[in-house]
Amino acid sequence: MAEITLDKVVKKYGAASVVHGIDLEIAHEEFVVLVGPSGCGKSTTLRMIAGLEDISGGIVRIGDRVVNDLPPRKRNISMVFQNYALYPHMNVRENLGFGLKIAGESPDNISKRVDEAAAVLGLTPLLDRTPAELSGGQRQRVAMGRAIVRRPEVFLFDEPLSNLDAKLRGQMRAEIKKLHQKVRTTVVYVTHDQVEAMTLADRIVVMRDGRIEQVGTPMEAFNHPRTTFVATFIGSPPMNLLPGVIAGGAVRLADGTTVPVPDRLKPHARDGRKVTLGIRPDDISPVGHGLSQDGPGAEVDLTVELAEPLGMESLIYTRLAGQEVLAKLYGPRIVQPGEQLTFRMALDRAHLFDAETGQSLRLD
Amino acid sequence: MSLAVESQTSKQLKRAGLTALTFLLMVVMCVPGLWVVLSAFRPNGEILAKPPIWIPEAPTFDNFRKIFGLGTDQVAIPVGSYFMNSLIIAMTSTVIALAIGMAGGYAFARYRFRGKGSIFLGLMLFRAVPGIALSLPVFIIWSKLGIIDTKIGLIIVYVSLNVPFTIWLIDGFFRQIPLSLSEAAQVDGCTRWQAFWKIEFPLARSGIAAAGVFAFLTSWNEFALASQLTRSTSSKTLPVGLLDFTAQFTIDWAGMCAMAVIIIIPALILTFLVQKHLIAGLTFGGVKG
Ligand SMILES: Nc1ncnc2c1ncn2[C@@H]1O[C@H](COP(=O)(O)OP(=O)(O)O)[C@@H](O)[C@H]1O
Ligand SMILES: [Mg+2]
Numbered sequence: 046m047a048e049i050t051l052d053k054v055v056k057k058y059g060a061a062s063v064v065h066g067i068d069l070e071i072a073h074e075e076f077v078v079l080v081g082p083s084g085c086g087k088s089t090t091l092r093m094i095a096g097l098e099d100i101s102g103g104i105v106r107i108g109d110r111v112v113n114d115l116p117p118r119k120r121n122i123s124m125v126f127q128n129y130a131l132y133p134h135m136n137v138r139e140n141l142g143f144g145l146k147i148a149g150e151s152p153d154n155i156s157k158r159v160d161e162a163a164a165v166l167g168l169t170p171l172l173d174r175t176p177a178e179l180s181g182g183q184r185q186r187v188a189m190g191r192a193i194v195r196r197p198e199v200f201l202f203d204e205p206l207s208n209l210d211a212k213l214r215g216q217m218r219a220e221i222k223k224l225h226q227k228v229r230t231t232v233v234y235v236t237h238d239q240v241e242a243m244t245l246a247d248r249i250v251v252m253r254d255g256r257i258e259q260v261g262t263p264m265e266a267f268n269h270p271r272t273t274f275v276a277t278f279i280g281s282p283p284m285n286l287l288p289g290v291i292a293g294g295a296v297r298l299a300d301g302t303t304v305p306v307p308d309r310l311k312p313h314a315r316d317g318r319k320v321t322l323g324i325r326p327d328d329i330s331p332v333g334h335g336l337s338q339d340g341p342g343a344e345v346d347l348t349v350e351l352a353e354p355l356g357m358e359s360l361i362y363t364r365l366a367g368q369e370v371l372a373k374l375y376g377p378r379i380v381q382p383g384e385q386l387t388f389r390m391a392l393d394r395a396h397l398f399d400a401e402t403g404q405s406l407r408l409d
Numbered sequence: 014m015s016l017a018v019e020s021q022t023s024k025q026l027k028r029a030g031l032t033a034l035t036f037l038l039m040v041v042m043c044v045p046g047l048w049v050v051l052s053a054f055r056p057n058g059e060i061l062a063k064p065p066i067w068i069p070e071a072p073t074f075d076n077f078r079k080i081f082g083l084g085t086d087q088v089a090i091p092v093g094s095y096f097m098n099s100l101i102i103a104m105t106s107t108v109i110a111l112a113i114g115m116a117g118g119y120a121f122a123r124y125r126f127r128g129k130g131s132i133f134l135g136l137m138l139f140r141a142v143p144g145i146a147l148s149l150p151v152f153i154i155w156s157k158l159g160i161i162d163t164k165i166g167l168i169i170v171y172v173s174l175n176v177p178f179t180i181w182l183i184d185g186f187f188r189q190i191p192l193s194l195s196e197a198a199q200v201d202g203c204t205r206w207q208a209f210w211k212i213e214f215p216l217a218r219s220g221i222a223a224a225g226v227f228a229f230l231t232s233w234n235e236f237a238l239a240s241q242l243t244r245s246t247s248s249k250t251l252p253v254g255l256l257d258f259t260a261q262f263t264i265d266w267a268g269m270c271a272m273a274v275i276i277i278i279p280a281l282i283l284t285f286l287v288q289k290h291l292i293a294g295l296t297f298g299g300v301k302g
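As you go down the protein sequences, you meet chains A and B in turn.
The opening position of the first sequence corresponds to residue 46 in this note's numbering, with each subsequent residue numbered one higher.
The opening position of the second sequence corresponds to residue 14 in this note's numbering, with each subsequent residue numbered one higher.
Derived from the structure by calculation, the hints contain no laboratory data.
Check before you lean on any hint, since a few could be wrong.
Said to hold, decoys possible - Restraint ranges, calculated between C-beta atoms of paired labels, are given here:
{"no.": "1", "chain 1": "B", "residue 1": "Met42", "chain 2": "A", "residue 2": "Ala60", "range": "53 to 63 Å"}
{"no.": "2", "chain 1": "A", "residue 1": "Gly167", "chain 2": "B", "residue 2": "Gln189", "range": "29 to 39 Å"}
{"no.": "3", "chain 1": "B", "residue 1": "Gln25", "chain 2": "A", "residue 2": "Glu139", "range": "42 to 52 Å"}
{"no.": "4", "chain 1": "A", "residue 1": "Gly102", "chain 2": "B", "residue 2": "Ala237", "range": "49 to 59 Å"}
Idealized CB from N, CA, C, for every residue including glycine.
Chain B with its partners taken away, still in its complex shape (with noise of 0.2 Å):
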């Protein structure tokens, strides 16, 4: 009896002890976040006050209206044209990442070939190998090339940098489905192309979906390159833009929150939109590597 309410105690204050693990972490991930949301709706002086205000005291949407040029004091952000940039570049990007990441992670989970132990090995070991580092190749190659400051050279880096972590998950989802029902599939009367449309894809959307959204983000976020391959508004995203609010010896802080609820905003959309694939191929896939 005793002992039966012993392990129920224990059992609670362990419960106890997670709940405040779990939120401590909340709070270091999510304050940042927090503050940069709150900082996009008042003046810069309240940003900069010390001791900090928490809780803005003037809310105001200045800050947004100013990126739209519609304040009086400050040329115009061209806002427009970069959340342009970013989507066409992270669209196309997540959608060239997806369709390599599904036929290769189809053959890596599928067929039996030479090499595909090194060249699986390579491609994770390419994942390795910090973006920046290559920024200086790549911006020589680029401008031999004459595709600096343009969408497809963001695209083309983009794509690369995607590629390996989207065939490395969707080949998990891939071998975790039995070779059984494509072939049950061909003798149910389906080419192969059928049995992999009709079967193994609508089983593996989970995976797939949640690849995009990975890819997409990345994209959509990614600086250090962006910030060395582009330099006009005919190329330049997000959160390059954000550069444009630092002036020789003042940073706009509320311009640059303001800016940054903009980039975040569609990410959390798509993120939501997606929820249900991303959990279920979160917690399903890619443990099997």
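If we strip away everything but chain A, and leave its shape as in the complex, we get (with noise of 0.2 Å):
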């Protein structure tokens, strides 16, 4: 069983603390996504993991076993690297056995789980070359090759696809999935991109600037943002985020727009609250163009300032209330700059935030 639990764990670099003290468990055979803007912590926290970086404070535990003081090597892990890091004077075959080789497996055990494992990633007819010989995919394969050839307790990414180009990545991000169906480990899994992380993750760990902001399956997190950064730093298009006031149940933006408040929210509406009101680019949309007609909703006349046709649908960036809002079209209806059209803002799936705090006002 490899568990993995992080608790109140703190890295510092001389007096800067760059990890502010993480709580997180992950469960057996889990696959946890840390997922954050550059620079906010994800890969100090994941090399805490390995062992490759000094534990400041607070403990983190692998299966039953404080690994705070191991060496990355008795912590029964594997790593992949942005950079990939294969050995360059080793061909793909000595590659994917060193790990093999150092714990002393014999030569017909080793050559057999090379073959097992190149197998597997498609990487056969590739043994014999050096990684000078292979383009990016490859390297990436042969990368989680070693990775899985040792079959540890626990697989560790650290942005594994970054370096590939767009086409590659998606495909990569499919087999990582299949990857983990078929070799069941825990996995945490380090990327900025979110698209990577919802796709894979079946939690997410969104962090910011040392500190988790929120933990949650990629569903949670997306319907639930706890806070601004979450609703912004998830979805694409980003959630749109609205200045207003809580004024006779309603928020009133900063040019006197009133949008109701669902009843869901109401308790937490108090008169005279300074709030942020969320709501993404798909809720909304022209009238008759939009992805749900009934439910709560508000309607309000915008003028399209650009329009992006991607096809079955457009993307709308209008001004309302002095701020540039994204809106989505669906249907093949072509929008022109300049036109006019009543949008309505299906209120079913909006958030308020506290202005202050950036916190969802369900949490209060």
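Got two chains here, separate frames each, mind docking them using the hints?
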């Protein structure tokens, strides 16, 4: 069993603290993705789990062992690095078998397991090449092969796809998912790409400035963001955020436009409270061209500033209460800049955040 | 069309010019060496002839015979002892300088520590001091320590002469090896020590070989300090032995040239042996410092 527990884990470089006491429990065979903007401490956290970085405070457990003072080789993990870190002076076969050789496995056993791993990843024809003779995608595969061949309890990935082009990234993403279904292990995967996080994760951990902002399934993070940060970080294009004040059961925006507060949020909407209204582009659409026509809603007349047709839908840039707002039009209709349309805001998925703390009102 | 032809001829001209320049440089560098080698195989009279005689008219091994005491008219010079002294001193100092260079280069490349920048700068500045300027202080200290005219004395001098250079060169090589390779090896089950020997050392091998050749040649050819610190056959090296050919009023040029050839040969052999590494080392490494 390889559950991973982080208990108030801190990382300091000198006086500067970059990870501020993280608590996280990762279940056996769970696929957890740490996601957040560059510099938020994802890699540092992962490297503390790996044993490549000293832990300044708190406790890291893998299985039932406290691993704080164990070197990487004693943690029964394997790791895929962003730059793949293949050994340049060894061919693919030797790269894959290196860990087994160090562990003192017999040559027969090594070659059997290398062949198995190579077959799983389609590397069999490449076994005699050196890393320099491989394409980016092939190197990536070798790096994954090297990780699985030792059959560790935990896989750690640090931005493994960020050096690939968009198409290959999509393919490898699917392969990693498949691989996890085949080789069930606990996975901690670091990325700054929210699409990767959404598609791969059993649970995602949204990080910001060395703290965990939210932990949950991808759909929880998408549907119930706890903060404005998560709301804008998860989902593409990002959620629109409009500042306003609660007045008489509605949010009054800067220009006086009022948007009714949905019933489920009413208990938190004291009059006079300063809030941020969050609403995804998918929920603002020209009347008759939205996802949902019923449920609570509000209509506003807005002018199209720019439209990006994407085929069956268009992304519309418009302006509400003096602020740029993204909307979506579903259907193959062409929209021109300058066109005035009535938009319907579907409010059953709208969010309200406290203007000061950025916390969702539903958490009060 | 004509444009293309023109650029082609100008390209050819450029190439011809470069070839000529390379040739000229090679001549400037090689002629003295060639003269030494040629002179090793002819009598003194022919060496001093005016106008110079280029191609030996009466090639002979007499000079070598004389050195090894096989001739009739001259006392033998203890070439064998000098050679062994040179070999022991150069090899030992090279091995030690490489060991320190690897440890120091690795430390500079991989670790942060206080005063790192100034220590590195200090090492490089030490190289700027001409060795001969240190000869008097070294002589005094060595004689107090009683290691004048010993191999150990010279080895210590050569190690300190070579260490800044080996550290600098090897540091450049380790720097180019991504840290993640060693980390991957540690995740794969290695200790830090194993990761070094199995991953980082093989990748830096060319640079280490290059540093070794330079250190060896420096020690092998060094004259100024050796001539101050050695005086008997128990520690005199080959370059110092060259002086045996000068008497108060005469210089035996032919014997000296023959001895020079004996000095050059091991250096050439070594350079050829590690040629592959040397070229890889010189073209990839040392650029970043
Ligand atoms: N060796 C170091 N010394 C000082 N600060 C560092 C060091 N390594 C990383 N940091 C800092 O720690 C923070 C988190 O880095 P990192 O974990 O690599 O971020 P991420 O992987 O989320 O992009 C960054 O602000 C970075 O500048
Ligand atoms: Mg990172």
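Against the structure, the hints:
A hinted range of 53 to 63 Å for the beta carbons of methionine 42 of chain B and alanine 60 of chain A is consistent with their spacing of about 56 Å. Separated by about 31 Å at the C-beta atoms, glycine 167 of chain A and glutamine 189 of chain B satisfy the suggested range of 29 to 39 Å. Checking the proposed 42 to 52 Å range against glutamine 25 of chain B and glutamate 139 of chain A shows it holds: the Cβ atoms sit about 47 Å from each other. Range check, glycine 102 of chain A to alanine 237 of chain B: Cβ separation about 58 Å, and the 49 to 59 Å hint holds.
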